[in-house]
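J.: If you read the sequences in order, they're chains C and D. Per the working numbering, residue 1 is the first one in the first sequence, and the count goes up by one each step. Per the working numbering, residue 1 is the first one in the second sequence, and the count goes up by one each step.
The set of hints was computed from the structure by calculation and includes no laboratory data. Any given hint might turn out to be false.
[Stated by the list, open to error] Computed, partial: chain C to chain D, Cβ under 10 Å:
#1 W37
#2 T122
#3 M125
#4 E129
#5 L136
#6 I140
#7 L144
#8 S185
#9 L204
#10 A217
#11 R221
#12 V233
#13 P237
#14 V274
[To be verified] Straight line, CA to CA, 25 Å or less: simulated BS3-like cross-link-like pairs of lysine-lysine:
#15 K262(C) with K203(C)
#16 K214(D) with K276(C)
#17 K28(D) with K111(D)
#18 K303(C) with K276(C)
#19 K203(C) with K303(C)
#20 K214(D) with K190(D)
#21 K25(D) with K111(D)
#22 K28(D) with K223(C)
#23 K25(D) with K223(C)
#24 K25(D) with K262(C)
Ideal Cβ placement from N, Cα and C applies to all residues, glycine included.
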Amino acid sequence: MKVAAPETDGPFRPNAYVVAAGIISTCTLINCALARWLSLTDHAMVYLLGVVVCAVFLPRGPSMFSAVLSLLAFDFFFVPPVLTLHFAEKHHLLTGVILLVVGLITSTLASERRRQSAAAATAAMNAREEQLRSSLLSSISHDLRTPLAVIVGSASTLHDNRDRLSREEQDELLSAIFHSARGLSMEVSDVLEMTRLDSGQVKLNLQWYPLEELVGAALERCKPLLASHDVSVVAPPDIPLVRVDAVLFEKLLVNLLENAAKHTPAGTRVTLVVHKTTEGIELRVEDNGPGIPARMSEHLFDKFERAYPESSTSGSGLGLAICRAVAQLHGIRIQASNGSEGGARFSVWIPSVLENGNGHES
Amino acid sequence: MKTATGMRAEDPLVLVVEDEPQMRKLLKLTLQSNGMRFAEATSAREAVNRIRAQVPDVILADLGLPDGDGLEVIRDTRSHSSVPIIVLSARAQEAEKIAALDVGADDYVTKPFAAGELLARLRVALRRAAVRASAVSAELFAVRDLRVDLVQRRVWVRDEQVHLTPIEYRLLQQLVTKAGQVVSHRELLKAGWGPVKADQQHYLRIYMAGLRRKLESDPTRPTYLLTETGVGYRLADE
Chain C
1 MKVAAPETDG PFRPNAYVVA AGIISTCTLI NCALARWLSL TDHAMVYLLG
51 VVVCAVFLPR GPSMFSAVLS LLAFDFFFVP PVLTLHFAEK HHLLTGVILL
101 VVGLITSTLA SERRRQSAAA ATAAMNAREE QLRSSLLSSI SHDLRTPLAV
151 IVGSASTLHD NRDRLSREEQ DELLSAIFHS ARGLSMEVSD VLEMTRLDSG
201 QVKLNLQWYP LEELVGAALE RCKPLLASHD VSVVAPPDIP LVRVDAVLFE
251 KLLVNLLENA AKHTPAGTRV TLVVHKTTEG IELRVEDNGP GIPARMSEHL
301 FDKFERAYPE SSTSGSGLGL AICRAVAQLH GIRIQASNGS EGGARFSVWI
351 PSVLENGNGH ES
Chain D
1 MKTATGMRAE DPLVLVVEDE PQMRKLLKLT LQSNGMRFAE ATSAREAVNR
51 IRAQVPDVIL ADLGLPDGDG LEVIRDTRSH SSVPIIVLSA RAQEAEKIAA
101 LDVGADDYVT KPFAAGELLA RLRVALRRAA VRASAVSAEL FAVRDLRVDL
151 VQRRVWVRDE QVHLTPIEYR LLQQLVTKAG QVVSHRELLK AGWGPVKADQ
201 QHYLRIYMAG LRRKLESDPT RPTYLLTETG VGYRLADE
């Protein structure tokens, strides 16, 4: 049964005590109404029922209060001599004491159970976080180990064998160091970015931007990675402004472009399409490469998903997860599919500018 | 190229403000093997004192210093000198870069950086400083197919004259003054509209979009008017 009350020793809540008193009063009224048919023990049972009800719905303090109150009410209204707190007969005292003790035990048990189920929920949440953290750690350790090995190995080889290596060989090793380090830097960046986005503490700096400015900046940033691809932009001359967080949105575009570069062979055509729709703008990054494998389509945007696990493709597997997080923060839709030519197609739908008047051309 | 032993007195003196020894060593090697003299300061305090004693030709300051911050060095320097200052900033720290530019830094290099990037920025900074210092004010600016006649206020792209509105021209002029270096949004707004519209960045973006349409052969892939997302714009100078 779902309980609305807080944990065992919550702050003093006068309302709960009033409710407890109300329930015991109700028991008293029921006992009075049925006095002709009920024995003293039956009266005690009615009070016990009231106390159990309090234990289930109220915190420990008020429900223990109800146990005490039930004993007093029982004694005062029903134990002879009535309307006093005396027990004329000793065994009635026993009934009263048992009423009180059972009431206290029930209150304690109920609050204990509430506490335990809250602890179980927290434990489940912690377990989920732990799992994510351990898969993050294992992914990081795998991803960092390889480029680090290249760097350490290349640098030590260069250092120890300088004289025996040809100029070309030296250049190769140096180039390997440079590229591995740069790849590492980008992965670390991705991990930090994903952590930041996950923390829920990111505040969007929403401003009006000409979309082509963000496109241009993203393409410029990806220039080295897309050097051996055939990149083009298809956009109408009068794209409306969009209201986004520039830094995050550029990151989204960069990740989509990097994704295309990493998963398609050299020479593949990568096209960035800006398309006006009735609701706003559709932005597509599409390629004519091998496309998205069918088994991937559901989990594409999950963290650490890779098209070919354990492959040598660099990257933390967080690129698309970051895209999704950024899209969610903006409240815009992102979707992956395979285009008509078989290549991959990633679309983002940005709602129209016309929601509020400002931001239009001055 | 000059070697470390063949330094000439006219070689530019770079003061590096950096607390990490490995970074200092790397910068010393890089600078000295590229025709520059090297001096170092390991804290903001030391930097301020050194600069007051002798102003170098360019200052390279890491923004993450232990005893106070690089911004202090910039502020103090700017109170008595217009020596070019380039800051080393961590990636994805736009606010940090803007703060540095606002107190008077000329440009930034984002860590981790390749040697080539750093040297390019240093050379641009030295070039700009030389232009500022020269008695003759610049009359013509040219980079690839773009030509700007600063006296007649005319602009040509691929030998065709382009008509710019007064605001567009003022923006372009500010970018030309700092060609090769980043110009913050705030500085551009001031140049285009005066101190009034400091927070109206979207006006700036709309006008920059207009400039791109007029000057670039493909506005979605600009080669002259480059965007530094979150910080400002940069006019290519080569």
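J.: If a hint holds in the structure, say so; if it does not, say that too.
T.: Now for the hints, and whether the structure bears them out:
no., hint, verdict
1, W37, "78 Å, violated"
2, T122, "33 Å, violated"
3, M125, "29 Å, violated"
4, E129, "24 Å, violated"
5, L136, "19 Å, violated"
6, I140, "18 Å, violated"
7, L144, "15 Å, violated"
8, S185, "5 Å, holds"
9, L204, "12 Å, violated"
10, A217, "4 Å, holds"
11, R221, "8 Å, holds"
12, V233, "4 Å, holds"
13, P237, "8 Å, holds"
14, V274, "8 Å, holds"
15, K262(C) with K203(C), "30 Å, violated"
16, K214(D) with K276(C), "22 Å, holds"
17, K28(D) with K111(D), "16 Å, holds"
18, K303(C) with K276(C), "31 Å, violated"
19, K203(C) with K303(C), "22 Å, holds"
20, K214(D) with K190(D), "22 Å, holds"
21, K25(D) with K111(D), "16 Å, holds"
22, K28(D) with K223(C), "29 Å, violated"
23, K25(D) with K223(C), "30 Å, violated"
24, K25(D) with K262(C), "35 Å, violated"
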